[in-house]
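Let the sequences and hints guide you as you build the complete structure.
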Amino acid sequence: ISSMSLAKYHDKVKENDTVILYLGYDNTHAIKIKKGSVFQTRYGALRHNDIIGTTYGSRVHCPKGYLYILYPTPELWTSNLPHRTQILYTTDISVVSFQLDLKPGAVVVESGTGSASLSHSIIRSILPDGHLYTFEFHKERAQKAEEEFKDHGLSDYVTVTHKDVCQFGFDLEDVADAVFLDLPVPWDAIPSAKKALKKQGGRICSFSPCIEQVQKSCACFAELGFEEISTKECLVRNFDVRTINLPNPEFFF
Amino acid sequence: MATSSEPMCVDERKTSNVTIKEGDQAILKKGKTVRIFQIRKKRDIWLDKIKFSLDGAVGHYYGSTFVVKNGQMHKVQKTFKEAEVLGPEKGTDNRDLHDLDSNQKLSREDIEKMKKEGAKGQEIIEQLIENSTTFKGKTEYAQEKWVKKKKQKHVAEFTVLKPNTRLMCQMYHEKSPAKILNIRMDTLAQILTYGNVHAFTNVAVVDTCSGLVVGAVLERLGGYGKVFHFHPGERPARPIVDNLNFPQEFLDNLYNFPFCEINSLKSEEGKSDDLIDNSHGDSVPSEGDSLSDTAVKQCTDSNTETNTGGESTESQDKDNTDPVARKRKAEMSTREANKILYSKRLSEAKELLLKRNIDCLIIASKFNPTPLVTTLIEYVAPSRPIVVYSQYKEAVMDAYAYLREIGCLVNYRVSETWLREYQILPMRTHPEIQMSAGGGYLLTATTIVKEQK
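Chain order of the listed sequences is A and B.
Sequential numbering from 1 applies to the first sequence in this note's numbering.
Sequential numbering from 1001 applies to the second sequence in this note's numbering.
Treat the hints loosely; a few may be bogus.
[Claimed, not checked] With a Cα cut of at most 30 Å, we get these calculated DSS-like pairs of lysine-lysine:
(1) K195(A) - K1081(B)
(2) K1029(B) - K232(A)
(3) K1041(B) - K199(A)
(4) K1042(B) - K1090(B)
(5) K216(A) - K1145(B)
(6) K198(A) - K1078(B)
[As the list claims (entries may be wrong)] Label-pair restraints from in silico Cβ distances:
(7) T159(A) - E1421(B): 30 to 36 Å
(8) I1262(B) - V60(A): 31 to 37 Å
(9) V1449(B) - T41(A): 55 to 61 Å
(10) K64(A) - E1421(B): 48 to 54 Å
(11) Y66(A) - T1033(B): 53 to 59 Å
(12) P209(A) - L1425(B): 19 to 25 Å
(13) G44(A) - E1405(B): 26 to 32 Å
(14) A219(A) - N1131(B): 30 to 36 Å
(15) A1178(B) - P63(A): 36 to 42 Å
(16) M1435(B) - K139(A): 41 to 47 Å
(17) D188(A) - R1428(B): 22 to 28 Å
(18) L1425(B) - P82(A): 36 to 42 Å
(19) T1033(B) - N245(A): 47 to 53 Å
Bear in mind the hints are in silico, worked out from the structure with no lab data behind them.
Ideal Cβ placement from N, Cα and C applies to all residues, glycine included.
Right, dumping it as structure tokens:
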């Protein structure tokens, strides 16, 4: 039985691995390796059997071109995972992880799991001795997340619970170093989140697309005695770097 | 959009790493002022123009709030909220308010007198309110803002926090950004994430930003995995790593690699080193610079052995009784031991690097990044991230253009992150007035298997 793991790099592609195919800028795909399978690309067919045993980072040739086989980091997974909900992208994931002081051994509580984009990143940052408790109120999404964690060798580090934490709470007390909320009504979950946090102190983050939600969440945090309440927005700007020649105008006929 | 905050609840659990101890590095935070101090009993420190000793903090939990009275720290449960001191009277706008010194009847001396007599912060503020002719005419929001300002000025209340990367980055970015090459927290966050820095990875870092990146990487590694700190000069300057107070096990995984040794690394391929063979089976040595007791003992033991063997008993007695000679001998032994340790660590580092399985290369230095990448990339395994940081767009763009030409990487990205903070208050929500302009630029890419030509 092969052990795929986003937790630890390994050198060669094995069956059941999730690999990232790099075809070019903004042209990447995540595929699960299965003997006999074929993946169609713009360069022609890519047989899984041809990839098994190659070293990650290798160039693989297709009938009409070539591509690279890359190891699935959480960042590459985020850019290529199948969306079941709107996801968090690496820019925000980075800031959240940093502000929650994530590191090995941290215990983190999260809701909603969504498409598990952030979840993968959290697990990566807290393993091997940390744990993620993630809650999702949509049954199929919870199941899909659990499957993915298993596929990616991360099951030991995460517990997925199908539950509506806004109605029923987390049912956790004094365990978490950090809590992350990505909910439409976060203030309904904040009291239970506070209970889940360790009594010695911890960090909490609520992620909202709308300023009205942020206002209500901040008011709730203040009311419950949280300190150092701060709100940030982080945007990324990618550069298209090109060397171009500006022709000189000619001033004569 | 995200918010973060910490609950200030405390319980009676006595875990060692959540209690303030003497000798700890501790961060003192007062509003926006963030400073780091080493807790030393009976030694006074200055914070925001107030002098006091840190004795009162020892034994309390990190995250506790303290107030200064007569040069001593006293724990308080919670800061009083601005709203608590506001009365029912308020105005509607500032059309009749004039900004005059005479608005406040209390003089500076009056306030100092109150403080000396041990008046609580809340009492002082209440007195200031009573003696203000304009306070009752201000709007509720203006009153809150005014009280907040007075609190900042007259109430010496602050929180003691355990140093971590986030707080160190915040502190340096505010106080001396040049020392960390202007790395802003969101940029550092991207570096760690894009580098896939986590337990069991081996990370090579070129760091000339006071050790901020090395420290951040060590924190994310949690003691699992190795860090190679490439630095100019003989000894690395990384005060931030010291401030972060890592346990010795973490530091045992941190190797120093001066630039001047890189050439010898290049020519070392295939050579075996005598010192490396000797190191197998030895106890794990401590970080290069610090003295290992075992090494000194071995050195001094061997010294005394040779002395008993070679010299006459007379001269031995003289050496033993002369304190100056004894001190000089001890210093020489220490220096010898350090030298041996240093070259042992360096050989270990070289051996590890030559395995060419570095999982992440991070460059955050004042030097031109391009030669650093081209020189160090061969020690990085294929399909691994490379992150290059520079305060200057041109440096990152040049690296990108050059590396693309020689074709040793894929998945390139040149980016900059933009960070905006917000004030969130009912009817007073808006972005903060000041926004940081530059957090630096990043080039990220992934290594590939080198093509055999």
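Results for each hint:
1. Pair hint K195(A) plus K1081(B) holds up; C-alpha atoms about 23 Å apart against a cutoff of 30 Å.
2. Proximity of K1029(B) to K232(A) is assessed by CA-CA distance (about 20 Å); at most 30 Å being required, the pair is judged to hold.
3. In summary, the hint linking K1041(B) to K199(A) is supported, as the alpha carbons are separated by about 28 Å, within the 30 Å threshold.
4. Note on K1042(B) and K1090(B): the hinted pairing is violated, with a Cα-Cα distance of about 46 Å set against a maximum of 30 Å.
5. Under the criterion of a C-alpha separation no larger than 30 Å, the hint pairing K216(A) with K1145(B) is consistent with the structure, at around 20 Å.
6. With a C-alpha separation of about 18 Å, the suggested pairing of K198(A) with K1078(B) holds against the 30 Å cut-off.
7. Take T159(A) and E1421(B): their Cβ atoms lie about 34 Å apart, and the range 30 to 36 Å holds.
8. Taken as a hint, the range 31 to 37 Å holds for the pair I1262(B) and V60(A), whose Cβ atoms sit roughly 33 Å apart.
9. Between V1449(B) and T41(A) the C-beta distance comes to about 19 Å, which lies outside the given range of 55 to 61 Å.
10. Checked against the given bound of 48 to 54 Å, the beta carbons of K64(A) and E1421(B), roughly 49 Å apart, stay inside it.
11. The supplied range of 53 to 59 Å is met by Y66(A) and T1033(B), whose beta-carbon atoms lie about 56 Å from each other.
12. For the hinted restraint 19 to 25 Å between P209(A) and L1425(B), the CB-CB distance of approximately 20 Å keeps it satisfied.
13. As the Cβ distance of G44(A) to E1405(B) is approximately 28 Å, the hint placing it in 26 to 32 Å holds.
14. The hinted range of 30 to 36 Å is satisfied by A219(A) and N1131(B), whose Cβ atoms lie roughly 32 Å apart.
15. Between A1178(B) and P63(A) the beta carbon distance is about 54 Å. The supplied range of 36 to 42 Å is therefore violated.
16. Under the hint 41 to 47 Å, the C-beta atoms of M1435(B) and K139(A), about 43 Å apart, fit the expected range.
17. Taking 22 to 28 Å as the suggested C-beta distance range, the pair D188(A) and R1428(B) conforms, at roughly 24 Å.
18. A hinted range of 36 to 42 Å holds for the C-beta pair L1425(B) and P82(A), which are about 40 Å apart.
19. The hint said 47 to 53 Å for the Cβ distance between T1033(B) and N245(A), and at roughly 52 Å that hint holds.
Checked against the numbered hints above, the structure violates hints 4, 9, 15; every other hint is satisfied.
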